[in-house]
Amino acid sequence: MTAPDAANPYPRPLGPQTAVTWIAARAGELTGRLVGWVGVRRRSLLLLAVLLTVVAVLHGYNFDGWPGRVTDDEGTYAAQAYSMQYWNRIAHYTYWYDHPFGGWLLIAIYTKITDGFNRAPTAVTAARELMFGVHLVSCVLLYRFGRLLGLRRFFAGLALLVFSLSPLALWYQRMAFLDNIAVMWLLAALVCAASPRRSVAAAAFAGIFMAFAFWSKETVLLFLPGLYVLLRQNRDPRNWRFVRRNFMGCLIGVCGIYILYAAAKNELFEGPGHVSLEWAIRWQLFDRAPSGSVLDTGSDTYHVVRSWLDLDPYLVLAGIAAAVPLLALRRLRVVAGLLLLQFAFVFRNGYLPNPYVTAMLPFAALCVAGLLDAVLPSGARPRRGPPRHAGPGSGPGAGVGATAAMIVNGLRCLVVLVALSVAAATVIPDWTPKIRTALTQDASAPSREATRWFLANVPPEGIVITDDIAWTDLTIAGRRPLPVWFYKLDLDPQVRGRFPHGWRDVDYLMMGKPPDSVLAEVPLVAEALRHSVVLKSFGDGEIEIRRVIVPDCRGRPDRC
Numbered sequence: 018m019t020a021p022d023a024a025n026p027y028p029r030p031l032g033p034q035t036a037v038t039w040i041a042a043r044a045g046e047l048t049g050r051l052v053g054w055v056g057v058r059r060r061s062l063l064l065l066a067v068l069l070t071v072v073a074v075l076h077g078y079n080f081d082g083w084p085g086r087v088t089d090d091e092g093t094y095a096a097q098a099y100s101m102q103y104w105n106r107i108a109h110y111t112y113w114y115d116h117p118f119g120g121w122l123l124i125a126i127y128t129k130i131t132d133g134f135n136r137a138p139t140a141v142t143a144a145r146e147l148m149f150g151v152h153l154v155s156c157v158l159l160y161r162f163g164r165l166l167g168l169r170r171f172f173a174g175l176a177l178l179v180f181s182l183s184p185l186a187l188w189y190q191r192m193a194f195l196d197n198i199a200v201m202w203l204l205a206a207l208v209c210a211a212s213p214r215r216s217v218a219a220a221a222f223a224g225i226f227m228a229f230a231f232w233s234k235e236t237v238l239l240f241l242p243g244l245y246v247l248l249r250q251n252r253d254p255r256n257w258r259f260v261r262r263n264f265m266g267c268l269i270g271v272c273g274i275y276i277l278y279a280a281a282k283n284e285l286f287e288g289p290g291h292v293s294l295e296w297a298i299r300w301q302l303f304d305r306a307p308s309g310s311v312l313d314t315g316s317d318t319y320h321v322v323r324s325w326l327d328l329d330p331y332l333v334l335a336g337i338a339a340a341v342p343l344l345a346l347r348r349l350r351v352v353a354g355l356l357l358l359q360f361a362f363v364f365r366n367g368y369l370p371n372p373y374v375t376a377m378l379p380f381a382a383l384c385v386a387g388l389l390d391a392v393l394p395s396g397a398r399p400r401r402g403p404p405r406h407a408g409p410g411s412g413p414g415a416g417v418g419a420t421a422a423m424i425v426n427g428l429r430c431l432v433v434l435v436a437l438s439v440a441a442a443t444v445i446p447d448w449t450p451k452i453r454t455a456l457t458q459d460a461s462a463p464s465r466e467a468t469r470w471f472l473a474n475v476p477p478e479g480i481v482i483t484d485d486i487a488w489t490d491l492t493i494a495g496r497r498p499l500p501v502w503f504y505k506l507d508l509d510p511q512v513r514g515r516f517p518h519g520w521r522d523v524d525y526l527m528m529g530k531p532p533d534s535v536l537a538e539v540p541l542v543a544e545a546l547r548h549s550v551v552l553k554s555f556g557d558g559e560i561e562i563r564r565v566i567v568p569d570c571r572g573r574p575d576r577c
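When the letters of the sequence shown are read in order and numbered with this note's numbering, they come out as residues 18 to 577.
Think of the hints as simulated: they come from the structure by calculation, not from any bench. C-beta atoms are modelled at their ideal positions from N, C-alpha and C, and glycine is treated no differently. Treat the hints with care, since some could be wrong.
[What the hints assert, rightly or not] Derived pair list, reagent style DSS-like, types lysine-lysine, alpha-carbon separation capped at 27 Å:
#1 K505 x K282
#2 K553 x K530
#3 K282 x K129
#4 K505 x K451
#5 K505 x K530
[Claimed, not checked] Computed beta-carbon distance windows for the label pairs:
#6 P446 x D313: 27 to 33 Å
#7 Y78 x R365: 23 to 29 Å
#8 R262 x I493: 14 to 20 Å
#9 R365 x A440: 27 to 33 Å
#10 D313 x A442: 31 to 37 Å
#11 I130 x L434: 43 to 49 Å
All chains, full assembly: derive it from the sequences and hints.
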């Protein structure tokens, strides 16, 4: 558009030649900005390219084989994503507000774009593909966050490496857990809060990304105080009022959609005949059975923490040890505080899920690298401008002070060098065989083989009770009637109503044997298992396909 003149107060449209010139000028300007941006950050970009190549190989190779299908959670989130994509429903059974549904919505978006459920060998494989991408994005965000906190490139890269190469990371971040998605959004929020621009837009994005993290896993609100403190530490007094309002407004606005959804469904408060957000929150916070004390060797919490230490006894403990002195360093105080806060929550007498450690890993990595960065003195920088003339403070005393400073700096360098050497000598022998296992062992093979055998050898008309790992695969294969997730047979009234004769209406079971504590919650499944015979077993009994045998003629006449 051209500027208006006195004769014609309205701007005239650009002619074809002028429009082309304007577009070319804008393209040249953007290209110049991009070249300048790359030029300023070329060292970081080169370092990131090298590190991400290593990370992509180690996390991408055999990601479906190891870990094995050790938890139903992966199958549950894949099934819920399938339900969103194909049935336009939030969950494949009654959605009871156990978690916000943003995490499996992201899985559904990915599988929709990539045709993941029809392309990948299993539904869980498709969900794990997304976790691979989520991990790479988290690595970039972690590196950027470290740089914004003042870490030098080497130590920001070190934080990225230990965060990604720890056996804990290979185990938990390969699996389709909501925690991985929440950590990615949390890191994005922290990067925005630490932005050197200190702009209103950066604060708004910090609030939005924190809300996305909440939509992925509600427990991420534990980090909200730390995020706010970081935003306040990084504030510009000139716009702090607007920054604060935009941050809180975007956070509350996006999170509030979840409450509005429950209210629109008339499921905000508990009532007869329906689930409710109120009941789910009360159950999560107060009524859920605790895991016990970490100090009690017989408790579930102790065994969960023990499993973390069996995978990697170094990263989290080293991070916690490093976090204590880092509380005295302002630029890393928030990171240290958030890690220690998570550590303290392990000792509360509540429920401790296995993936809880996932959110500890980036902060532990930053604390370890941050402490080394703080101890190592800054490199001497050449002075600009003319040399200074000798002044009152440049006598023999100044020379002694300079010598003492050189000795202290040398000792600090020696401490960092020794720490890195000891860490490498300790960690490499422990991590190497576990990384080799992650790259070579196909622990998921029994699950895939069981599904293939079932589809090839079991008549299609039977009712099958299964776990959520195989539920989506059987559904995609056209199994009808739909398979039933074993928990729902006892715990979902809508499903229970389809089995008037209880366990006698079940034809097949495809699952491993649940522990006795789980069987106590699902008595119908326990009875079906008790009255069944094994048709085929996979993985040394890891998964069994069973035929239910009705001992008399009550219930199903065709089964007598």
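Status of the hints after comparison with the structure:
1. Straight-line distance between C-alpha atoms of K505 and K282 comes to about 22 Å, which keeps the hinted pair within the 27 Å bound.
2. With a C-alpha separation of about 14 Å, the suggested pair K553 and K530 falls inside the 27 Å cut-off, and the hint holds.
3. Between K282 and K129, the direct Cα distance comes to roughly 26 Å. Compliance with the 27 Å bound is thereby established for this hinted pair.
4. Proposed proximity of K505 and K451 is contradicted: the alpha carbons are some 36 Å apart, above 27 Å.
5. Proposed proximity of K505 and K530 is supported: the alpha carbons are some 16 Å apart, at most 27 Å.
6. A C-beta distance of roughly 32 Å is found between P446 and D313, which places it inside the suggested range of 27 to 33 Å.
7. Checked against the hint of 23 to 29 Å, the C-beta distance between Y78 and R365 comes to roughly 38 Å, which is inconsistent with it.
8. A hinted range of 14 to 20 Å for the beta carbons of R262 and I493 is inconsistent with their spacing of about 47 Å.
9. Range check, R365 to A440: Cβ separation about 31 Å, and the 27 to 33 Å hint holds.
10. For the pair D313 and A442, the supplied restraint of 31 to 37 Å holds, since their beta-carbon distance comes to about 34 Å.
11. Judged by the Cβ atoms, the range 43 to 49 Å given for I130 and L434 holds: they are separated by roughly 47 Å.
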